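Asks: Chain by chain, the residues run as shown.
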Amino acid sequence: MKILVCVSNVPDTTTKVTFNGDNTQFNTLGVQYILNPYDEIALARAIELTEGGKGTVSIIHVGEVGSEPTIRKALAIGADDAVRINAAPRDAYFVAAQIANYAKDKGFQMILTGRESIDYNGCQVAAMVAEFLNIPSISIIKKLDIESTTQASLVREIEGGKEILSVSFPFTASCAEGVAEPKIPNMRGIMSARTKPLEVIEPAPVDQLLSFQSYSIPEPRGSVTMLGSDETEKLVELLHTKSKVI
Amino acid sequence: MSVLVYVENAEGKFKKSAFEVISYAAAIAEQLKTELIAISIGNVNPEILVNLGKYGANRVMNVSHDKLKSFINQAYASIIAEAAKKESATVIVLSNTFSAKGLAPRIAVKLKAGLADSAIELPLINQDKFLIKKTAFSGKAFAKVELISAIKVISLNPNSFQLKESGSTATVENFTPEFKESDFSTLIKEIVRASDKIALPDAELVVSAGRGMKGPENWGMIEELASILGAATACSKPISDAGWRPHEEHVGQTGIAVRPNLYIAIGISGAIQHLAGVSSSKTIVVINKDPEAPFFKVADYGIVGDAFEVVPKLITAIKKYKANS
Chain A
10 MKILVCVSNV PDTTTKVTFN GDNTQFNTLG VQYILNPYDE IALARAIELT EGGKGTVSII
70 HVGEVGSEPT IRKALAIGAD DAVRINAAPR DAYFVAAQIA NYAKDKGFQM ILTGRESIDY
130 NGCQVAAMVA EFLNIPSISI IKKLDIESTT QASLVREIEG GKEILSVSFP FTASCAEGVA
190 EPKIPNMRGI MSARTKPLEV IEPAPVDQLL SFQSYSIPEP RGSVTMLGSD ETEKLVELLH
250 TKSKVI
Chain B
-7 MSVLVYVENA EGKFKKSAFE VISYAAAIAE QLKTELIAIS IGNVNPEILV NLGKYGANRV
53 MNVSHDKLKS FINQAYASII AEAAKKESAT VIVLSNTFSA KGLAPRIAVK LKAGLADSAI
113 ELPLINQDKF LIKKTAFSGK AFAKVELISA IKVISLNPNS FQLKESGSTA TVENFTPEFK
173 ESDFSTLIKE IVRASDKIAL PDAELVVSAG RGMKGPENWG MIEELASILG AATACSKPIS
233 DAGWRPHEEH VGQTGIAVRP NLYIAIGISG AIQHLAGVSS SKTIVVINKD PEAPFFKVAD
293 YGIVGDAFEV VPKLITAIKK YKANS
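If you read the sequences in order, they're chains A and B.
Residue 215 in the numbering used here sits at position 206 of the first sequence, and the numbers go up by one each step.
Residue 9 in the numbering used here sits at position 17 of the second sequence, and the numbers go up by one each step.
No lab work stands behind these hints, which were simulated from the structure alone.
The model shown is predicted, which means the values in this text are computed figures rather than measured ones.
Some hints could be false.
Stated by the list, open to error - Dumping the calculated PhoX-like pairs for lysine-lysine here, alpha-carbon to alpha-carbon at most 25 Å:
1) B:K8 / A:K253
2) B:K312 / A:K243
3) B:K312 / A:K25
4) A:K251 / B:K136
5) A:K243 / B:K281
6) B:K311 / A:K251
7) A:K151 / B:K189
8) B:K136 / A:K25
9) B:K312 / A:K253
10) B:K181 / A:K151
11) A:K171 / B:K136
What the hints assert, rightly or not - A few chain A positions that, by computed beta-carbon distances, are all more than 12 Å from chain B:
12) D21
13) G39
14) T59
15) G72
16) D100
17) A105
18) D114
19) A185
20) M196
21) S201
22) P206
23) P227
24) G231
Just so you know, even glycine gets a beta-carbon here, dropped at the ideal spot from N, CA and C.
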């Protein structure tokens, strides 16, 4: 079993998001970058499925040299080797094209991502990679098991329920909570990560289809109306007459 | 030129998000002074399809086939892309549902189209510029994306656009696409729907609870409150991590981002990661016994008090209101 896990480097979840340059750029000053939390879930499941000599887990990351600590963390958690495509991750289409270009002749049975990155939240890369490679993709899965040598069984989230599917290798899937519990690297993992192979590859040319123009922060809400713990009837009335939500 | 909108059905029926996305696409078609074509895949009664005209669809392409009864994203993407080519669609619109998240990216690659996901407003179209506002940083910010490709794909967040009825009917035509065997290597074995529950991503009202509830055995009052309001239930991350509630109820930066009309947060302090997932809610009510809880800063209404005391009173008050209205 050969699994490729795609990881992205994102601002820590506690980041206060601000912009500069006339709101055209994310302000990275003082921002701590982490391995995308959903990608950690995908990685954890990939490691579980290949443990005990049953296969290998490779990491791919599209990003500049500054994100290597995130790649090393993925190696410390237990991936075997890694590839970095040396380019700023312009948008999902660009990233997916790079991953597909790398993976096309490597014989991976599964290509896993997190359900979305917590910065741009596109949930696009897994399905785009699959389309470039003309293989199936399952977005937002909650469970992933190997059924046989030719196929896997997955559970996908749908509105108000779930769908249970089986799919033939190779495929791509984006992983959400439930697939696995994230793993914490141990000392041995951290030490061995330093010497695991990390290949750097220059990007393939990809057409630009969109560009991020500007950013804004949600408007602050008006001040809060505080009510006493006995004023639940008044609350209901305000929700009906003033806010008009019930 | 035309605008093509994909309307997703669940077991032959359309939900509000489907009508929202038609209303939205109709407004784009009007901006571009062109026709709006809807495409429906699966077994939907043609009489229901005629009614999609009510929200602004001029024509409906009906793709009905036993092989397409359930959602196979590869096959659906091929069909929608084929329909887009046939109708020379320059804008393709979908509702940003779980299924569409697997579908829109494939369509975008097939048509070499820029994809704006999680759109929350109509595009700004002027002088060949096509700008879309979308949520980013898990609800902490918005981004404006310029789609520069000739064909554009947009997925609209549910609860982001008002339904607009124009009152006409659509003509329904059958569309028979070509099937590629390689598009069907996924097999759906079973679909499980919790029929009595409102799905969190579509919900207009949400009742959410956190660690202040002390234990999973105390969720009865949360469920009762949700049920009398007709709301979905949700929770904060520590709750789903502890296994008190299922993961699909987890709202926040690493869970689901919701945008209901009303979000009632009970016993949730309001960590920045949780707030990211709820900031687009229209009205926020916070019930917490800690007056310093950060959640009060982003609330519209706040009650400082113990959940075990306030929630039963709130249930009584809502029952009284429902009885009188």
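Asks: Give a verdict on every hint.
Replies: Taking the hints in turn, this is what the structure says about them:
For the proposed pair K8 (chain B) and K253 (chain A), the alpha carbon gap of about 19 Å is at most 25 Å, so the pair holds. Restraint check for K312 (chain B) and K243 (chain A): the C-alpha separation of about 12 Å stays at or below 25 Å, so the hint holds. The hinted pair formed by K312 (chain B) and K25 (chain A) fails the criterion: a straight-line CA distance of about 42 Å is larger than 25 Å. With a C-alpha separation of about 31 Å, the suggested pairing of K251 (chain A) with K136 (chain B) is violated against the 25 Å cut-off.
At roughly 19 Å between alpha-carbon atoms, K243 (chain A) and K281 (chain B) fall within 25 Å of each other, so this suggested pair holds. Using a Cα cut-off of 25 Å, the hinted pair K311 (chain B) and K251 (chain A) holds, with the two alpha carbons roughly 19 Å apart. Note on K151 (chain A) and K189 (chain B): the hinted pairing holds, with a Cα-Cα distance of about 19 Å set against a maximum of 25 Å. In summary, the hint linking K136 (chain B) to K25 (chain A) is supported, as the alpha carbons are separated by about 19 Å, within the 25 Å threshold.
With a CA separation close to 17 Å, the supplied pair K312 (chain B) and K253 (chain A) stays within the 25 Å bound. Restraint check for K181 (chain B) and K151 (chain A): the C-alpha separation of about 15 Å stays at or below 25 Å, so the hint holds. Under the criterion of a C-alpha separation no larger than 25 Å, the hint pairing K171 (chain A) with K136 (chain B) is inconsistent with the structure, at around 33 Å. The beta carbon of D21 (chain A) is not kept farther than 12 Å from every beta carbon of chain B, the shortest such distance being approximately 10 Å.
Look at G39 (chain A): its CB is around 15 Å from the nearest CB on chain B, clear of 12 Å, so calling it non-interface holds up. The non-interface label for T59 (chain A) is consistent with chain B: the shortest C-beta to C-beta separation is roughly 23 Å, beyond 12 Å. The non-interface label for G72 (chain A) is consistent with chain B: the shortest C-beta to C-beta separation is roughly 17 Å, beyond 12 Å. Chain B draws D100 (chain A) into its interface by the beta-carbon criterion, the shortest separation being 8 Å against a cut-off of 12 Å.
With a least beta-carbon separation of about 7 Å from chain B, A105 (chain A) fails to lie farther than 12 Å from that chain, contradicting its non-interface assignment. Every C-beta of chain B lies more than 12 Å from that of D114 (chain A), the closest at about 18 Å, which supports listing it as non-interface. Non-interface status of A185 (chain A) relative to chain B is broken: a Cβ of that chain comes within 12 Å, the nearest being about 7 Å off. No Cβ of chain B comes within 12 Å of the Cβ of M196 (chain A); the nearest lies about 25 Å off, and the non-interface call holds.
Every Cβ of chain B is farther than 12 Å from the Cβ of S201 (chain A); the closest lies at roughly 28 Å, confirming the non-interface assignment. Taking the minimum C-beta to C-beta distance to chain B, about 30 Å, the non-interface status of P206 (chain A) holds against the 12 Å cut. Non-interface call for P227 (chain A) relative to chain B: violated, since the shortest CB-CB distance, roughly 5 Å, does not exceed 12 Å. Not every CB of chain B lies more than 12 Å from the CB of G231 (chain A), the least distance being 7 Å, so the non-interface label is violated.
Checked against the numbered hints above, the structure breaks hints 3, 4, 11, 12, 16, 17, 19, 23, 24 and satisfies the rest.
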